[in-house]
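Below are the chains, spelled out letter by letter.
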Amino acid sequence: MYLVALKMLFGDQSKYMMLVSGMAFATLLMAQQSALFCGLMSWTYSPLVNISASIWVADSKVEQVNENKPMRDTDADRIRSVDGVAWAAPLYQGIVVARDPTNSNFKFITLVGLDATTLAGAPGRIVQGTLDDLRRPGTAIIDEFAVERFSEGRDQPIGVGDLLEINDNQVEVVGICDVQRPFIGGPFVYTTYDRAVSTYAYKSRKMLTFVLAEPAAGLSPTDVARRIEAGTGLKAFTREEFRWSTIRWFFRNTGIPMVMGITVFIGLVVGMAISAQTFYSFVLENTRFLGALKAMGTPTPVLCKMLLFQSVAVGLIGYGIGIGITVAFGRMALSTRQIPYAMPWQVPAIVLGIVLLISSVAALGGILRIARLEPAIVFRA
Amino acid sequence: MSTVTRDAVQMRGVDKYFGEGDARTHVLKTTDFDAPLGELVMLVGPSGCGKTTLLSVLAGTLNADGGQVSVFGERIDQMKPAALTRFRAQNIGFIFQQFNLIPTLTAAENVSVPLLIQGKSNAVALKRARDVLERVGLGHKAGERPSKLSGGQQQRVAIARALVHEPRLLICDEPTSALDRENGTLVMQLLRDVARSADRTVIIVTHDSRIYRYADRMAEMEDGRVFRTLDSAVAIAAEHSGHG
Ligand SMILES: Nc1ncnc2c1ncn2[C@@H]1O[C@H](COP(=O)(O)OP(=O)(O)OP(=O)(O)O)[C@@H](O)[C@H]1O
Ligand SMILES: [Mg+2]
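Just so you know, the sequences run in chain order A and B.
Count the first sequence with the numbering used here and you get residues 282 to 662, in order.
Count the second sequence with the numbering used here and you get residues -3 to 240, in order.
These are computed hints drawn from the structure, not numbers from a lab.
Note that CB positions come from ideal geometry on N, CA and C, so glycine has one too.
One or more hints might be untrue.
Stated by the list, open to error - Calculated Cβ distances over 12 Å to all of chain A for the following chain B residues:
id : residue
1  : Asp18
2  : Arg20
3  : Thr21
4  : Lys25
5  : Lys47
6  : Gly56
7  : Gln64
8  : Glu70
9  : Gln149
10 : Arg177
11 : Ser193
12 : Phe223
13 : Ala229
As the list claims (entries may be wrong) - Listed next, the stretches of chain A that the computed footprint assigns to chain B, with coverage defined by at least 3 CB atoms under 8 Å from CB atoms of chain B:
id : region
14 : 284 to 292
15 : 647 to 659
Claimed, not checked - Subject to a maximum C-alpha distance of 27 Å in a straight line, what follows is the list of computed DSS-like cross-link-like pairs (lysine-lysine):
id : chain 1 : residue 1 : chain 2 : residue 2
16 : A       : Lys288    : B       : Lys76
17 : B       : Lys123    : A       : Lys288
18 : B       : Lys123    : B       : Lys76
19 : B       : Lys123    : A       : Lys388
20 : B       : Lys116    : A       : Lys586
21 : A       : Lys296    : B       : Lys123
22 : A       : Lys296    : A       : Lys350
23 : B       : Lys123    : A       : Lys586
24 : B       : Lys144    : A       : Lys586
Let the sequences and hints guide you as you build the complete structure.
Here is the structure:
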């Protein structure tokens, strides 16, 4: 009988197309917006992706990784002395202005200063130049986003050997790295901690943004983070804690989640409206056949399940198409590097749940009608 | 002519009302109706007298408001809805004036539906369906959709569908009124052959006097009541002469 149900549905091509495209559209709207949102959210914690460290220590008021509430230089030593800390390295992170001396283009950059001896937190993928050159005076490694930004209006894209001016100091580009771009601030520019705080960054009384730390062998980052907090009064996050703290901060302090929530809701409403309406008229048009099936002895629960099956079938087909388009869009987005896009498994899973909900609600109208249908109507012309 | 041993259908004092309050109308007025096994029974009468309603009640697709309805000795007026649905699926074949073939299914698929309702596998049901289509002379149209068939062919497909699960009672409301003479004749010959097999009964509601001659028995209805039953072809011919 379910095969009969499918044939009834697929045979009605215009309704079928309408239902499938409604579902595909709703899926696309919801999945794509969620992926954009997740991508955007992942940009908010880019430093956590780019800089590998198990424990991040910051001023006790810090809630998210883009904040700069500096600590005293001596705090690094206090952290080192906490029992269970294998090593700790200072990190500067702040927004400054950089200038291309060839054409006087000013751009904001996110300046990152790494501990010169360990280079802890250095970018993992250097696509041009070498990391070690960073130890030479007056040097910096820029990310690909910076190449893009500073190459505007140049004959040749900026590359290794070219100069930039950061806070009126000449800096030689000795490498280009591939890192995840930030949500706020500009491209990442890496230099050493000492050069960053002494010359490139804007001066203030305290300059130490973060201290990166690793737990001693056999200890968990969470335990050691708690010990650091107890021992120093500073805030210590594991990478995961800092990520969620950052995401929560953006949820609380920006309208982005709201906008994306509204879009998902619109997807749900539009999908529901189109498919419920179309499916109901499909049921209406087929009432005499469904009535005939009922008269011929099809139990009402079977008829209802047939309707649900039809509705879920178009829901799943539409979902497949919608997710397919979203993934195609995602490939495109990722290849341009301009558009945020991330699809954790929760996105397709939740959208699938919503699509099944829409399908069930759409089927409900028809089911109520058919359940109350007098089979005797089939004798009436 | 009729050698009645047992009634396939027996209705006693059946009442049916439609509507509520002032709009309430008494459609079946404490009527009796019988249909013996092995006969083709016609139910005739003026429009609006309640023929379709009576047919719906004895088919178990409409509940009576009073009286007794027995089909093959079972009191269907006392059955629970689920049992009644199962009873219909097993014992009753339906033929409608408007055919009611599902337009997106092929002839064979349409015919297989009653078997699918009974839970038979698709392959078994389709094979049976093709055999029965063969019997109504439409074996070569098994793969066609109804829209590709003439009215007469569609009604023959509908008959095949009504017969495929070998029900003992066939119920037809105006089976020939949408057909021309030639196709009507073909359909009636098929239905009469069905009725000739010993334990089958065919009940036909009709306005079409051209087909009266196929009846073994004729129940005449007026104003919600069967008022007379002619129980032989001779009697029918005498009453309704000049036709057929
Ligand atoms: N569902 C219904 N609700 C209200 N009234 C109904 C309903 N079904 C039938 N009736 C009324 O009951 C009466 C008998 O209808 P029925 O269809 O049984 O007559 P009929 O003899 O089959 O007529 P026809 O020859 O025109 O088909 C009519 O007056 C009709 O209007
Ligand atoms: Mg009628």
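Going through the hints against the structure:
1. Asp18: holds (22 Å)
2. Arg20: The assertion about B:Arg20 holds, with a minimum of 17 Å to chain A.
3. Thr21: holds (15 Å)
4. Lys25: holds (18 Å)
5. Lys47: At about 9 Å from chain A, B:Lys47 fails to clear the 12 Å cut-off, so the statement is violated.
6. Gly56: Incorrect as stated: the minimum Cβ-Cβ distance to chain A is 9 Å, not above 12 Å.
7. Gln64: The assertion about B:Gln64 holds, with a minimum of 19 Å to chain A.
8. Glu70: holds (15 Å)
9. Gln149: Holds, because the least Cβ-Cβ distance between B:Gln149 and chain A comes to about 18 Å, which exceeds 12 Å.
10. Arg177: holds (21 Å)
11. Ser193: The claim holds: B:Ser193 sits with its nearest Cβ about 21 Å from chain A, beyond 12 Å.
12. Phe223: holds (22 Å)
13. Ala229: Nearest chain A Cβ is 27 Å from B:Ala229, so the label holds.
14. 284 to 292: Coverage by chain B holds for the region 284 to 292 of chain A (6 residues, Cβ < 8 Å).
15. 647 to 659: Contact hint for the region 647 to 659 of chain A vs chain B: holds, 4 residues under 8 Å.
16. A:Lys288 - B:Lys76: At roughly 31 Å apart (the allowed maximum being 27 Å), B:Lys76 and A:Lys288 break the hint.
17. B:Lys123 - A:Lys288: holds (18 Å)
18. B:Lys123 - B:Lys76: violated (33 Å)
19. B:Lys123 - A:Lys388: Measuring from Cα to Cα gives roughly 77 Å; hence the hint is violated.
20. B:Lys116 - A:Lys586: Roughly 18 Å between the alpha carbons, so the hint for B:Lys116 and A:Lys586 holds.
21. A:Lys296 - B:Lys123: Roughly 31 Å separates the two Cα atoms, so the pair is violated.
22. A:Lys296 - A:Lys350: violated (59 Å)
23. B:Lys123 - A:Lys586: holds (26 Å)
24. B:Lys144 - A:Lys586: Between B:Lys144 and A:Lys586 the Cα gap is close to 30 Å, so the pair fails against 27 Å, i.e. violated.
Violated hints, listed in ascending order, are 5, 6, 16, 18, 19, 21, 22, 24; each of the other numbered hints is respected by the structure.
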